[in-house]
Amino acid sequence: MSAPHTSAAAAATTAAVSAVAPGVDAEHARPPARHAYSRLCGLLSKICLVLAIFCLIGIILSVQIQVVGRYVFNDTPTWAEALALQLVLYVTALGVAVGVRDAGHIGLESLVSLLPEALRLKLEILIHMLVALFGGIMVQSGMLWTRLKWDELDPMLHLPVGIDYLSLVIAGVLIVMFSIEHIVALLRNEEVVPSWY
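Read in order, the letters of the sequence shown are residues 202 to 398 in my numbering.
No wet-lab data here; the hints were simulated from the structure.
Note that the coordinates shown come from a computational prediction; the quantities given were computed from them, not determined experimentally.
All clues stand as given, with none of them false.
Quick list of the computed label-pair ranges, beta carbon to beta carbon: (1) Val289 / Trp397: 19 to 25 Å; (2) Asp276 / Met344: 34 to 40 Å; (3) Ile258 / Leu320: 42 to 48 Å; (4) Val268 / Pro317: 53 to 59 Å; (5) Ser314 / Leu252: 32 to 38 Å; (6) Leu320 / Leu286: 40 to 46 Å; (7) Glu310 / Asp276: 49 to 55 Å; (8) Thr293 / Val269: 22 to 28 Å.
Built from N, CA and C at the ideal position, the CB exists for glycine as well.
Could you build all of it, start to finish, from the sequences and the hints given here?
See the structure below:
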């Protein structure tokens with residue numbers, strides 16, 4: 202009679218563990234974060250991934266246009282290289298932010314996993330606070346450089362050079378938001394589920 206109850210509990214445990222972020226062992230598994238702020242951050246992360254894909258397509262197309270222009274028509278479009286470089290900045294910025302949310306960056310977790318639960322929780326919160334601080338510094342310095350360079354025009358794209366530095370601001374804001382999401386999830390004993398998961 203207890204077999205159906207046991208199998209249902211096992212299925213629920215398996216579902217909860219499978220929804221946990223990759224790299225988290227079953228011993229430290231927490232339920233996924235489902236509050237409104239986490240859903241907003243998940244949506245922003247998915248939007249960043251889609252925008253990064255479009256930027257990558259733009260890079261491929263602009264490089265192809267440059268190659269065809271140079272070798273087929275003997276007339277290299279000057280804007281193609283500048284556009285590709287600018288798109289690389291935005292792909293990097295979006296990728297860094299999504300990496301912060303989805304724990305995609307390299308980390309040394311062997312020491313952290315050996316710590317007692319209470320100390321491990323405090324250390325994880327401290328790490329996310331430091332990442333948020335770094336994101337805040339990116340926002341502040343990115344805004345400064347964006348303002349300083351906004352009146353300069355890129356000679357190839359005829360766009361403000363400040364657009365290059367705007368990618369720092371976007372990445373920094375997203376990093377702060379995603380770090381706050383991790384801190385809230387840790388305080389609620391929840392796990393942030395990657396947006397691509």
